[in-house]
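Undergrad: Protein sequence lines correspond, in order, to chains W and G.
Quick note on numbering: the first sequence equals residues 1 to 452 in our numbering.
Quick note on numbering: the second sequence equals residues 453 to 593 in our numbering.
If you're looking for bench data, these hints aren't it; they were derived computationally from the structure.
Backbone N, C-alpha and C fix where the C-beta goes; we use that ideal spot for every residue, glycine too.
There are no misleading hints in this set.
To give a feel for the contact side, a few chain G residues facing chain W, derived at Cβ under 7 Å: (1) Tyr509; (2) Thr510; (3) Arg533; (4) Gly535; (5) Leu536.
Subject to a maximum C-alpha distance of 30 Å in a straight line, what follows is the list of computed DSBU-like cross-link-like pairs (lysine-lysine): (6) G:Lys528 x W:Lys275; (7) W:Lys198 x W:Lys261; (8) W:Lys281 x G:Lys528; (9) W:Lys198 x G:Lys506; (10) W:Lys198 x G:Lys522; (11) W:Lys198 x G:Lys505; (12) W:Lys198 x G:Lys500; (13) G:Lys505 x G:Lys528; (14) W:Lys281 x W:Lys198.
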Amino acid sequence: MMVRPNPTFELMQPLLFMSVVFSIFLAFSIHIALKVIKVRDPKFISVLYLMPMFVPIVIYTISFQPFILPPLGTLISLAQIKGDIMYEGIFMEDAILRIHGSQYLFMGVTFCLTGLTLGSILLAFLYSFGSRIVFNLRELVELTPQENPDLVAMTQRLAERAGIATPRIGINEDLRPNAFIVGWGRKAMIVVTLGLLKTLDGDELEAVLAHEMAHIKNQDFHFMALISSLKAISFFNPLVYVLSPAIKKERELLADDVGTKLLERPEVFGRALTKIWCASKVMSAKSKPSFLRQWVSGIFIISELRNARSFLLTHPSLEIRLTNIAERKIRNRASMGEMLRTILICGVVMSVVVCAFGLAIQACFPVRGISGPLGPERIWYRSINIPVNQPAFEPRPNHPYLTMAFNPQGRVSLNYPWILNTIYISIMLTILLKIWRPSTVFSRHPIRLFNA
Amino acid sequence: MPEADYAPSDYRADGEQLEAILGSLEAKVMGTVWGMRAPVRVREVYEKLKREKKIAYTTVMSTMNTLFEKGLLDRKITKGRGGLLYVYWPKRTRQEVERSTVKQVIDSLIRNFGDSVTAYLVEMTASEGDKAKPFRRIKRQ
Chain W
1 MMVRPNPTFE
11 LMQPLLFMSV
21 VFSIFLAFSI
31 HIALKVIKVR
41 DPKFISVLYL
51 MPMFVPIVIY
61 TISFQPFILP
71 PLGTLISLAQ
81 IKGDIMYEGI
91 FMEDAILRIH
101 GSQYLFMGVT
111 FCLTGLTLGS
121 ILLAFLYSFG
131 SRIVFNLREL
141 VELTPQENPD
151 LVAMTQRLAE
161 RAGIATPRIG
171 INEDLRPNAF
181 IVGWGRKAMI
191 VVTLGLLKTL
201 DGDELEAVLA
211 HEMAHIKNQD
221 FHFMALISSL
231 KAISFFNPLV
241 YVLSPAIKKE
251 RELLADDVGT
261 KLLERPEVFG
271 RALTKIWCAS
281 KVMSAKSKPS
291 FLRQWVSGIF
301 IISELRNARS
311 FLLTHPSLEI
321 RLTNIAERKI
331 RNRASMGEML
341 RTILICGVVM
351 SVVVCAFGLA
361 IQACFPVRGI
371 SGPLGPERIW
381 YRSINIPVNQ
391 PAFEPRPNHP
401 YLTMAFNPQG
411 RVSLNYPWIL
421 NTIYISIMLT
431 ILLKIWRPST
441 VFSRHPIRLF
451 NA
Chain G
453 MPEADYAPSD
463 YRADGEQLEA
473 ILGSLEAKVM
483 GTVWGMRAPV
493 RVREVYEKLK
503 REKKIAYTTV
513 MSTMNTLFEK
523 GLLDRKITKG
533 RGGLLYVYWP
543 KRTRQEVERS
553 TVKQVIDSLI
563 RNFGDSVTAY
573 LVEMTASEGD
583 KAKPFRRIKR
593 Q
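Only chain W is shown next, with the shape it has when bound in the complex (with noise of 0.2 Å):
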């Protein structure tokens, strides 16, 4: 019998649903967390904000992974977390993908392979052409040392004090004041318009120059292509889409708080800032950028000084911003103690909000003979239950790009979105090694193995 896929159950496909369900809740409890502990250190908020956003690499990698999932999958099976659920004795997917004509695993697995797909492209390109693409797109022009020696002297000036290398300086001819960064490490280049250039003085213009080599300093490249990156990869979960503004708008104020400090009298900076959003509202008036060039500024692009006028603003607003600065809020790191309460809270919340879910499901959904603990895979099964979803226990060849790693027969067959997921895991692990350099973390804590 040909069956009709239905569009309420693939949706409710445990990979897919889980992935979602489950990233909103740990948003949701880091949000309470951090409201009960009131941490106001923005490097370890933005650092717990990013969570929730690979809650879907953890739920594939427990899917996908062939050769850990074996033992895995006893260890998960006791705590029931996989929420796998058997009928007939075998895996559900297992027999999902039996039905004839069968699109059921379609749409998860489809998700899960554009979404990896995507974001392992993205991260490759953002790395090797991203550079290039803002310098065309703006069309920015290295300014030489001669042409400006001021700007190039106080550049140098604030990176000593910054510790990091000098960046080049780069000028747009746009007559908007604006800064921004392009590229990391010893290739950044912080771009200044022509606009600013006009419209600040000299100690203003430093200030913003303290606040561009802040996000240098912070290694905010990375940090914004690990967002890029993960938001491709749930592009289908409308949380990342919230959550990224809001983790650009804490490094935000993580760069103003570092960026003052570099400076003898930080207060130059929020007059700065005024400056800047009062042209920039005149200027503004003049023209809106288009939406390609907003995207891909968005991607591209680190730390846009003026304020987008979008609906989910990445940066903090201006009063913020200025109270912060006028009140020389020196934000203490969070302690140890505060970070483990807080990651603590979290872990209660976690768990208080999944079995609450759990049993809501299963009281509204109960389904007799199922294991799963969790609740979209009773939803799931209901629906696959309903006639025109019957699964038919007979063995049939599947697409071949997307065989699961525990078919009928047992073989391990090629498994792209493990492949895939594996691929992204290993880029994404490269670029947290250089961001956060285990061997200046060893040097300072040596492991002795034997005595010297």
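Knowing the structure of chain W, use the given hints to seat chain G on it.
TA: Just chain G now, kept in the frame of chain W:
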């Protein structure tokens, strides 16, 4: 209402062509702008001049701003790939600038050295040398 004549602030007798009334870079920039299809951007002029000799972008930018202030270029704000930027175009053609310059210089010479100018012009029209060719042409007309 017709545009007022361009009045150069000074005239250097040893300068060649436009360099007699403008700085060397200003003359180069004006020459380039006249040779391009208006309106032009700073970057376009910079790219063209860069091929002939090493030049700084900000130098071209400030030169074009100076030429705008002198009344040789006009500009407006337009939306481009780099954002909101100035585009420039020549306010006068090369011939208009040259004619205006000649008029200003000769009027000044006549005002200050009237008799000597007349005597010189008569001498030139009667002369047979190459230097007098333009004057003989005027005489024939």
